[in-house]
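There are 2 protein chains.
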Amino acid sequence: MNQWIEELQTELLNGQVLTDTADRVSYSFDASFGEYLPEAVVQAKTKEDVIHVMKIANRHHISVAPRGQGTCLSGGPLPVKGGIVLDMSQWPEKIDVRPDDLIAIVSPGTITASINKKLESYGLMYPPDPSSAHVATIGGNLAENSGGPRGLKYGVTKDYVIGLEVVTPEGKVIRTGGQTIKNVTGFDLTKLLIGSEGTLGIITEAVLKLIPKPPAAQTIMAVFDDVESAGKAISKTLTSGILPAKMEFMDQASIGAVERYQPSGLPVDAAALLIIELDGHQEAVTKEAADVEAVMNELGATHVTVPATQAEAARIWEARKLVSPAIAAIKPTKVSEDATVPRSQIAPMMEKLQRIKEKYHVELVVFGHAGDGNLHPNILCDKRDTEEMKRVEQAVEEIFQAALELGGTLSGEHGIGTMKAPFMEQELGNVGVEMMKRIKDSWDPNGIMNPAKMFPEHNQRLVLRHE
Amino acid sequence: MNQWIEELQTELLNGQVLTDTADRVSYSFDASFGEYLPEAVVQAKTKEDVIHVMKIANRHHISVAPRGQGTCLSGGPLPVKGGIVLDMSQWPEKIDVRPDDLIAIVSPGTITASINKKLESYGLMYPPDPSSAHVATIGGNLAENSGGPRGLKYGVTKDYVIGLEVVTPEGKVIRTGGQTIKNVTGFDLTKLLIGSEGTLGIITEAVLKLIPKPPAAQTIMAVFDDVESAGKAISKTLTSGILPAKMEFMDQASIGAVERYQPSGLPVDAAALLIIELDGHQEAVTKEAADVEAVMNELGATHVTVPATQAEAARIWEARKLVSPAIAAIKPTKVSEDATVPRSQIAPMMEKLQRIKEKYHVELVVFGHAGDGNLHPNILCDKRDTEEMKRVEQAVEEIFQAALELGGTLSGEHGIGTMKAPFMEQELGNVGVEMMKRIKDSWDPNGIMNPAKMFPEHNQRLVLRHE
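These protein sequence lines are chains A and B, in that order. Residues 1 to 467, numbered by our numbering, are exactly what the first sequence covers, in order. Residues 468 to 934, numbered by our numbering, are exactly what the second sequence covers, in order.
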């Protein structure tokens with residue numbers, strides 16, 4: 001056995017270091033593409049565990065790929081270079097709510113949805129709501145800077161983290177930020193680490209900023225005959241002084257998929273659906289709902305539903321949540337993208353997506369967080385069909401180009417990981433990528449922290465075919 | 468003449484490079500302590516100007532201290548090592564509002580208040596509101612991550628910047644972030660640069676995130692007989708589901724100073740004043756105002772004023788704005804601090820400040836943004852009085868210690884600069900500071916970007932005496 005594995009076994013408790021093939025295979029994939037077998041898996045449960053792992057790995061130059069629940073769509077947790085998978089999902093849940101300070105201190109293994117469950121009784125809220133919140137860990141959310149529908153009004157994970165405890169690639173502990181909302185003491189390492197995809201260190205604790213839970217909410221669903229009018233209705237709403245909590249878009253293909261998967265009462269003939277949630281004080285919400293309804297009608301909605309009960313609203317949102325599983329049932333493989341454009345470019349982006357769909361004959365479904373320009377084009381395919389996957393790869397490349405041409409970005413909330421690394425320079429230029437790499441290299445001189453993520457290897461290209 | 472000055476004169480236009488003693492003296496100080504004579508001043512007006520300056524400075528290893536309007540309270544623009552002051556305040560104002568995208572693209576020389584003036588007609592708002600907004604440049608705000616009263620509800624400068632154009636210390640141009648709200652493409656260099664105090668590069672353009680302007684606002688002023696009750700009223704308000712836009716505190720000394728400076732109708736016998744602004748929809752604001760009034764009365768306010776007109780509310784806020792000039796008139800020297808504590812620790816911090824005031828016999832006045840724990844203890848003194856200044860230095864050191872003991876931070880919004888550099892390790896530990904320095908060194912290998920800021924020189928101590 002390798003000496004470093006023996007050292008891990010000496011420093012950690014019995015059962016924390018897994019080397020059986022079956023265990024290693026379980027940790028060889030995530031929710032994206034590719035399988036890579038690690039040499040060992042460590043289930044970390046304390047900061048000290050992480051320090052041991054990083055010191056041993058750094059001494060022996062062994063790669064470490066940190067991992068939460070593995071729901072990542074961009075390859076973040078994949079042990080591309082073998083080495084160690086550092087599983088943080090077994091870390092005991094800790095949610096220390098401090099209502100007077102409007103903060104919660106959480107452990108990395110905490111399931112994100114548990115946080116809001118605990119906050120209910122305090123009348124407080126942690127706004128970020130990635131679709132995977134019920135299964136993903138907050139640690140994974142921090143590493144990837146997860147978004148979600150509420151990003152439109154409330155921002156993303158990064159906007160609600162004010163402090164971190166981090167083990168560096170060399171096994172030292174630092175605290176970034178703190179427990180105050182305002183803090184300008186030195187560089188903002190907190191926000192540098194959030195979204196760094198485990199390439200700079202391991203987060204062992206986070207201080208989350210909370211807000212009072214809005215007392216009321218109102219859902220509105222608007223049906224459109226054409227995508228362009230839906231796009232205009234989004235712009236018009238946002239420029240009329242209203243900032244909805246959520247503003248979701250579904251195209252005809254995603255509506256049809258949901259209705260075939262589990263009939264939910266959605267209008268299958270519609271070209272596009274907008275599902276909006278307003279929140280705040282009851283009086284304000286009532287007024288804004290009337291304003292939004294008027295905008296939707298003005299822009300040509302064929303039907304506007306304003307559910308009168310919470311149960312009715314919940315049914316609409318459940319239908320929206322079904323999009324992902326529904327489209328996954330269409331074909332064996334689902335390639336989920338999240339190229340994001342400025343809000344005003346949603347309609348042009350929809351047009352470009354339609355052209356890409358036709359050009360490459362791919363089954364392209366579009367839904368997502370339209371209010372902030374964060375669409376989710378999904379291509380449904382079969383990864384065993386080499387010819388089809390080649391077309392899918394070309395379509396994905398063209399989706400990235402389309403977003404960049406419209407002033408957008410490769411990824412709004414899924415991360416770069418292995419999937420989008422080859423396109424980094426297209427967006428950031430070689431100097432932009434180089435300045436990021438300088439930071440990476442200065443923190444991780446031995447290059448052991450989650451290698452092959454974010455930064456492309458020489459001549460790396462998107463390959464969905466060989467897994 | 469130095470060769471690098473000749474090179475500057477060759478590359479830049481006539482009149483952009485200043486070397487006269489009078490000009491250099493004008494650029495030798497800011498609103499904090501210390502005077503340092505630069506060897507040359509360059510008034511940059513384009514990105515190309517900045518590239519020339521950085522390339523020449525980097526080649527010759529000459530320090531560059533970027534500067535906006537010089538309103539900095541922590542020494543950010545001081546040319547501590549001589550070299551070049553890069554004056555960005557003459558850069559032509561540019562405010563390119565894109566209402567559909569809810570963004571504005573601005574030049575670094577733009578006066579911060581001009582941005583909101585321009586946004587009025589769009590019904591939009593750029594929330595950060597540092598007290599110096601009418602005179603400071605947005606470039607300076609970006610470098611220092613400025614705060615202001617609205618930080619409580621809306622956050623600080625950093626929370627409203629989604630993209631930057633930056634010239635690196637080596638004279639290369641990068642773009643960080645972009646024009647979309649969601650963006651997880653690589654490390655968040657935008658937020659690393661905001662608040663980096665000009666130590667990592669020169670910001671030549673920024674993309675600001677805007678929000679719809681709240682349609683209504685209501686001011687409330689509550690008078691307290693004792694500071695502790697005021698502290699409890701702050702906590703109680705914030706935990707009752709209300710997030711005011713502003714929640715300002717004034718102690719007896721600051722009330723008295725304002726009334727002596729310019730009678731404004733403030734209650735001079737009060738031990739403490741809270742001035743609160745609620746904003747949002749009229750209906751919600753009216754309801755919240757009633758709730759806040761009830762909280763203030765419950766916690767023992769001796770008087771609560773709810774101004775019925777905007778003019779009356781404006782008078783209260785003008786009185787609040789007079790605190791800084793009013794206390795500056797008391798004695799020749801004003802040492803402004805902004806140590807910040809978790810919200811729940813405001814009352815204990817006030818007690819500690821009272822003890823420090825008595826221990827060192829210093830004239831200590833406290834006001835500030837109480838809702839987010841960002842107090843401004845100001846010590847009024849005379850810098851020519853060496854004995855007094857020694858006591859002031861000790862008091863300031865103890866204020867920092869008090870904030871850190873209560874889980875707070877050295878600086879909430881003024882920055883570290885030269886003033887707080889000696890205390891960085893106390894808050895961040897030596898590894899924390901080292902990880903920041905690694906980033907600095909990797910971006911600026913010749914150490915030319917605003918040296919002697921943020922990172923302490925060996926054995927550096929706070930010295931307010933020798934200017």
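Keep in mind that a hint or two might mislead.
Said to hold, decoys possible - Estimated spans, in silico, between C-beta atoms of each pair:
id: 1; chain 1: B; residue 1: Glu473; chain 2: A; residue 2: Asp441; range: 19 to 25 Å
id: 2; chain 1: A; residue 1: Thr46; chain 2: B; residue 2: Arg727; range: 28 to 34 Å
id: 3; chain 1: B; residue 1: Gln893; chain 2: A; residue 2: Ser264; range: 54 to 60 Å
id: 4; chain 1: B; residue 1: Arg822; chain 2: A; residue 2: Ser121; range: 52 to 58 Å
As the list claims (entries may be wrong) - Heads up, simulated DSBU-like pairs for lysine-lysine below, C-alpha to C-alpha not over 35 Å straight-line:
id: 5; chain 1: B; residue 1: Lys699; chain 2: A; residue 2: Lys213
id: 6; chain 1: B; residue 1: Lys561; chain 2: A; residue 2: Lys172
id: 7; chain 1: A; residue 1: Lys81; chain 2: A; residue 2: Lys118
id: 8; chain 1: B; residue 1: Lys585; chain 2: A; residue 2: Lys209
id: 9; chain 1: A; residue 1: Lys352; chain 2: B; residue 2: Lys819
id: 10; chain 1: B; residue 1: Lys819; chain 2: B; residue 2: Lys801
id: 11; chain 1: B; residue 1: Lys585; chain 2: A; residue 2: Lys437
id: 12; chain 1: A; residue 1: Lys287; chain 2: A; residue 2: Lys334
id: 13; chain 1: B; residue 1: Lys699; chain 2: A; residue 2: Lys232
If you are wondering where the hints come from, they were derived from the structure by calculation, not from laboratory data. Bear in mind the structure is a predicted one, so any value in this text is a computation, not a measurement. Where a beta carbon is used, it is the ideal one built from N, C-alpha and C, also for glycine.
Quick rundown of the hints versus the structure:
1. At about 36 Å, the beta-carbon gap between B:Glu473 and A:Asp441 misses the expected band of 19 to 25 Å.
2. Taken as a hint, the range 28 to 34 Å is violated for the pair A:Thr46 and B:Arg727, whose Cβ atoms sit roughly 58 Å apart.
3. Separated by about 57 Å at the C-beta atoms, B:Gln893 and A:Ser264 satisfy the suggested range of 54 to 60 Å.
4. A C-beta distance of roughly 37 Å is found between B:Arg822 and A:Ser121, which places it outside the suggested range of 52 to 58 Å.
5. Distance hint between B:Lys699 and A:Lys213 is fulfilled; the C-alpha atoms sit about 21 Å from each other, no more than 35 Å.
6. Between B:Lys561 and A:Lys172 the alpha-carbon distance is near 45 Å, which puts this suggested pair outside the 35 Å criterion.
7. Between A:Lys81 and A:Lys118, the direct Cα distance comes to roughly 38 Å. Violation of the 35 Å bound is thereby established for this hinted pair.
8. Between B:Lys585 and A:Lys209, the direct Cα distance comes to roughly 31 Å. Compliance with the 35 Å bound is thereby established for this hinted pair.
9. Taken as a hint, the A:Lys352 and B:Lys819 pair is broken in the structure, with Cα atoms around 62 Å apart against an allowance of 35 Å.
10. A threshold of 35 Å between alpha carbons decides the hint, and for B:Lys819 with B:Lys801 the separation of about 20 Å falls inside it, so the pair holds.
11. Distance check on the hinted pair: B:Lys585 and A:Lys437 sit about 39 Å apart at the alpha-carbon level, beyond 35 Å; violated.
12. Taking the CA atoms of A:Lys287 and A:Lys334, the gap is about 40 Å. The hint is violated against a cut of 35 Å.
13. As the CA atoms of B:Lys699 and A:Lys232 are separated by approximately 48 Å, the hinted pair breaks the 35 Å bound.
Consistency with the previously given hints fails for numbers 1, 2, 4, 6, 7, 9, 11, 12 and 13, ordered from lowest to highest.
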